[in-house]
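Visitor: Each chain, written out:
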Amino acid sequence: MGLYATLQVIWWLLLGVLLMCLAVMVGMDMGVGAILRYVGRTDLERRVALNIIGPHWEGNQVWFVLGGGAIFAAFPLLYATAFSGFYVVMLLLLWTMIMRPLGFEYRSQIERPAWRNAWDWVLFVSGAVPMLIFGAAFGNLFRGVPFHFQWDLTSFYTGSFLGLLNPFALLAGVLALSLAAMMGALMVMNGAEGALLQRARGVVQAAAGVAIVLFAAGGLWVHAMPGYRLIGSPGPGLPQTPLEQSVVTVPGAWLTNFGAYPLLWLVPLAGFAGMVGAWLAARAGRSHLGWWLGALAWIGVIGTAGAALFPFMLPSSTDPSMSLTLWNASSSKDTLLWMAGFAAVFVPLIMWYTSWAFWVMRGKVSAEKITRGDEHAY
Amino acid sequence: MINGTVVDLSRVQFAATALYHFLFVPLTLGLAFLLAAMETVYVTTGKPIYKQMAQFWGKLFMINFALGVATGLTMEFQFGTNWSFYSGFIGDIFGAPLAIEGLMAFFMESTFVGLMVFGWERLSKGQHLAVTWLVAFAANLSALWILVANSFMQDPAGATFDPFTMRMQLTSFRKLIFSPDAQSKFVHTSIAGYVTAAVFVTGVSAFYLLRKRHIPLAKRSLRMAVLFGVLATIGVITLGDALGFVAGRVQPTKLAAMEGLWKSESAPMPFNLIAFPSQREQKDYDAVQVPDLLSLLVTHSLGGTVLGVDALERRAQRRIEQGIPAVQALHVLARDPTNAAALAQFDAHRRDLGYGFLLQRYAPNLSQATAAQVRAAARDTIPFVAAVFWSFRVMVGLGLLMLAFFVLAALYSLRDVVQNKRWFLRAAVWMIPVPFLANECGWLVAELGRQPWTVFDVLPTWMSASTHSVAYMVFSLIGFLGLYSIFIVIELYLLVRAIRHGPAEPGGSGAPQGGHAPLAGGAVPAAAYGNKAEG
Amino acid sequence: MRTFLYFLLFMFLAVAVTILAAILGYEGAWYFAWLIGTAMLVLISAAGGALLDAQEASAAEAGREQS
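Residue numbers (the working numbering), protein chains in the order written: chain A, 1 to 378; chain B, 1 to 535; chain C, 1 to 67.
Check the hints yourself; a few may be wrong.
Stated by the list, open to error - Reference listing, derived: stretches of chain B covered by chain C, where coverage requires no fewer than 3 residues with Cβ under 8 Å from a Cβ of chain C: (1) 226-232; (2) 235-245.
Unchecked claim - Simulated restraints on C-beta separations: (3) B:V489 with A:L162: 29 to 37 Å; (4) A:V360 with B:V12: 38 to 46 Å; (5) A:Y38 with C:A29: 51 to 59 Å; (6) A:S355 with B:R318: 58 to 66 Å.
As the list claims (entries may be wrong) - Below, a sample of chain B positions facing chain A; criterion: calculated Cβ distance under 10 Å: (7) E76; (8) Q78; (9) F79; (10) G80; (11) P97; (12) M104; (13) F106; (14) Q127; (15) R167; (16) S172; (17) T467.
Please keep in mind that the hints were generated in silico from the structure rather than gathered at the bench.
Just so it is clear, the structure is predicted and the values come from calculations on it, not from any experiment.
Here a beta-carbon is modelled for each residue, glycine too, at the ideal position from N, C-alpha and C.
Please model the entire structure based on the sequences and the hints provided.
Guide: Spelled out as structure tokens, the structure:
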């Protein structure tokens with residue numbers, strides 16, 4: 001494998017890592033938002049829950065920004081085609097996501113119950129809707145997306161908004177939401193005490209149960225679904241456009257990679273292990289362990305999707321031969337090389353100072369400190 | 001086929017969301033360093049008032065920061081959602097700085113901003129100071145990468161078009177980040193942020209001095225902001241000059257529009273102080289001119305000349321004619337990448353490919369393009385002169401106003417008499433919107449002056465947008481306008497509320513000090529506490 | 001010994017910064033100017049605050065002497 005093909009695979013893997021970090025970290029914050037109204041019955045309980053992620057949500061959210069930036073830099077054609085194709089869904093995602101920072105910063109500025117109640121709903125919507133959309137977007141990759149290209153690579157999307165909300169996509173959306181709720185509840189368990197902790201424990205167990213069922217159901221569904229198979233292309237590591245390949249759809253083709261490399265079955269297995277482990281850990285009250293097992297569940301789920309789709313990134317249902325793969329959607333060799341250099345330096349650095357930030361803010365959030373009016377608590 | 005209405009609506013949406021985002025960003029860039037300055041004094045002298053200052057301004061910082069981040073999310077994704085062809089066409093270069101911004105800067109800023117707010121009790125003094133400095137540095141580093149990306153649109157350095165992948169590809173990362181446009185634009189914009197923050201802090205402090213509340217805090221904040229501001233304003237004007245110099249070289253059409261320069265003249269050229277440019281007649285009405293000044297300003301010599309619209313249109317016409325064979329060869333190569341004749345033809349004309357694209361708007365079939373269509377396309381290369389001309393003058397005028405304001409403020413503050421100059425304090429409160437307006441005008445000059453290109457000389461705007469329906473665009477535009485209007489109302493309400501409430505005083509939070517101070521909100525008429533000096 | 005090790009560390013940093021500054025100054029003089037300028041702005045602004053403390057202290061002292 002030449003340098004260019006290696007870089008393409010590295011960036012495909014890195015994108016996977018970024019998406020996993022996004023799902024784990026942003027998903028956790030969104031999960032807290034989504035379950036806030038349920039686990040926190042009093043204003044003080046809700047403030048405790050918010051302050052548990054308070055020092056971190058801002059940094060975590062950058063995984064989302066970085067995910068967008070990395071797709072743009074490493075797979076520009078994917079960025080261009082997917083984001084414009086999913087226009088209405090992307091808008092819903094953006095609109096709900098831009099409400100979230102305001103929900104955190106502004107909610108506790110004013111004491112009026114109506115004000116806080118309104119922002120709690122905002123946090124609920126801006127937690128639940130984006131996770132549903134993330135999941136649904138992934139679900140749609142398996143179904144194929146109705147788009148095609150003109151000779152100069154202008155892309156046209158010919159589907160409707162409702163077409164993106166098909167049953168399989170919704171299943172994937174709810175799976176993502178349940179994993180997010182599970183992680184959010186585990187994080188609340190990490191920092192909370194008393195009734196809040198008990199309710200969060202209940203959420204972990206319920207959400208883990210739902211996730212196990214949906215992940216299994218999704219697997220069976222994909223088994224019967226028509227998948228995409230690349231039967232002719234210029235090949236990896238060669239500059240190319242999506243107009244130079246041929247692709248066919250074959251029932252069950254999404255499992256081809258698992259057939260060729262049986263070791264890959266460990267990936268979905270890790271997903272199940274993570275979900276079951278998180279359930280057990282929550283029951284035993286070991287929420288920190290549960291959190292890491294929850295992260296493993298995410299890695300398993302996203303890894304499974306990636307392993308099944310490889311090398312496809314955005315299959316086209318209009319003309320399967322115009323599907324985007326990592327070979328035809330990636331940036332040039334120079335850009336990938338530069339970006340790999342930056343990622344090699346900065347991703348470990350990010351992980352280091354993020355861990356430091358969590359370490360500094362470790363421990364339980366004290367309800368007493370919040371009521372005493374520490375000015376900067378949410 | 002491409003729908004002109006969709007392109008226009010996409011432009012309106014981008015401009016609206018970018019201008020809105022840019023209301024919040026400059027304040028973040030500057031206020032972060034002012035916070036660092038205040039905390040530095042706190043850590044070195046140990047005086048608690050500086051901690052109180054850092055915390056109070058930090059609270060205002062966070063209210064502003066939240067909306068900056070929120071609206072920044074829109075920008076990160078809008079290239080893909082609304083400018084799909086553009087993103088595919090230059091993503092190979094343009095995406096890289098955006099991704100590096102996230103990796104190197106925005107991550108650091110956002111992670112440490114959480115510690116800055118929540119970490120006062122958990123971190124040592126020195127650690128917290130380091131965190132504040134990192135936030136300030138990272139915020140500006142963020143701006144650096146965004147402006148490197150923006151500069152590529154103004155001066156596409158370090159890239160070349162590849163006819164086989166149908167896109168621009170990176171050739172030199174070094175040229176990309178060290179292009180003169182990137183350098184001067186970053187410094188100009190970052191320092192404009194310093195000025196914005198300085199005016200903001202000065203204005204709010206003046207408000208407290210007028211009300212005789214929080215006087216020690218207000219005097220110190222004002223002193224620090226004013227010194228910061230006077231130097232920053234000098235810097236912003238210097239860099240504005242450098243940027244104009246660069247524009248003269250790489251974007252002559254922008255420069256001609258900024259100066260309302262329809263006819264090329266011989267040196268030394270006069271400067272239009274005031275004029276009313278007419279795009280249709282290509283002349284300025286009621287021009288008030290300063291002799292020789294233009295040559296001096298944009299070429300830094302009395303003997304220098306710049307091209308007027310007439311010469312630029314002639315030049316564009318030649319390039320359009322040269323661009324036709326480039327686009328035609330590209331069509332052939334798209335069907336048959338091995339065609340050597342087409343490749344040779346393309347290579348001979350590749351420099352003018354963008355101009356060929358530009359003509360396609362007027363002549364979809366290039367082989368039958370008429371002379372009238374070529375002239376129309378050449379006319380199209382001139383941006384909307386009146387808008388660029390006036391945005392530029394408003395920006396420069398406000399910049400000079402702020403310089404005068406800060407010089408006077410520095411005089412008063414250094415003599416420690418500013419608290420007695422009530423007229424000046426009132427003026428300082430009214431100055432608060434000025435830098436924001438100047439920033440928006442600066443954005444307009446840079447981006448309206450770039451038209452009709454998204455990437456200057458390379459990719460015309462009319463080709464760049466996504467192929468959405470008008471209905472989609474109306475839907476998204478209404479959504480953004482609605483949401484953003486609600487946001488700005490909430491933000492201003494919270495900011496004004498936090499300012500009126502004031503910093504937490506050690507003995508009872510936010511209450512006015514002393515017996516003679518009025519209730520917040522001005523229950524006592526201003527005359528009641530007269531013009532006496534304090535203490 | 002400890003001081004010597006610290007000296008070596010800081011000497012190393014100083015040399016590294018000098019080299020980086022030389023490169024940055026050559027490739028991107030404006031970027032270099034921004035770094036220096038920003039540091040200067042912040043320090044002058046900080047000094048202004050400290051100066052005000054001194055001014056107020058000496059004014060208060062002068063006031064006491066007069067009365």
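Visitor: Taking the hints in turn, state whether each one holds.
Guide: Hint check:
1. Given a C-beta distance limit of less than 8 Å, the hint that chain C covers the region 226-232 of chain B holds, as 5 residues qualify and 3 suffice.
2. With 3 residues having a Cβ less than 8 Å from any Cβ of chain C, the region 235-245 of chain B passes the three-residue criterion, so the hint holds.
3. Look at B:V489 against A:L162: about 33 Å separates their beta carbons, and that is inside 29 to 37 Å.
4. Evaluation of the 38 to 46 Å hint for A:V360 and B:V12 yields a pass: the beta carbon distance comes to about 45 Å.
5. As the Cβ distance of A:Y38 to C:A29 is approximately 58 Å, the hint placing it in 51 to 59 Å holds.
6. Distance hint check for A:S355 and B:R318: the Cβ-Cβ separation is about 60 Å, which falls inside the suggested range of 58 to 66 Å.
7. Hint status for B:E76 relative to chain A: holds, with the closest Cβ pair at about 5 Å, below 10 Å.
8. The interface hint given for B:Q78 holds, since its Cβ lies 8 Å from the closest Cβ of chain A, which is under the 10 Å cut-off.
9. Among the interface hints, the one on B:F79 holds; its C-beta lies about 7 Å from the nearest C-beta in chain A, closer than the 10 Å criterion.
10. Proximity of B:G80 to chain A holds as hinted, the smallest CB-CB distance being about 3 Å (cut-off 10 Å).
11. This hint holds: B:P97 has a C-beta 8 Å from the nearest C-beta of chain A, less than the 10 Å allowed.
12. Annotation: B:M104 was flagged as interfacial toward chain A, and the flag holds, the nearest CB pair being 5 Å apart, inside 10 Å.
13. A cut of 10 Å between beta carbons decides the hint on B:F106: the least distance to chain A is about 5 Å, and the hint holds.
14. This hint holds: B:Q127 has a C-beta 8 Å from the nearest C-beta of chain A, less than the 10 Å allowed.
15. With a cut of 10 Å, the hint placing B:R167 at the interface with chain A holds, because the nearest CB-to-CB distance is about 7 Å.
16. The beta carbon of B:S172 comes within 9 Å of a beta carbon in chain A, closer than 10 Å, and the hint placing it at the interface holds.
17. For B:T467, the shortest C-beta to C-beta distance to chain A is roughly 5 Å, which falls under 10 Å, so the interface hint holds.
Taken one by one, the earlier hints all hold for this structure without exception.
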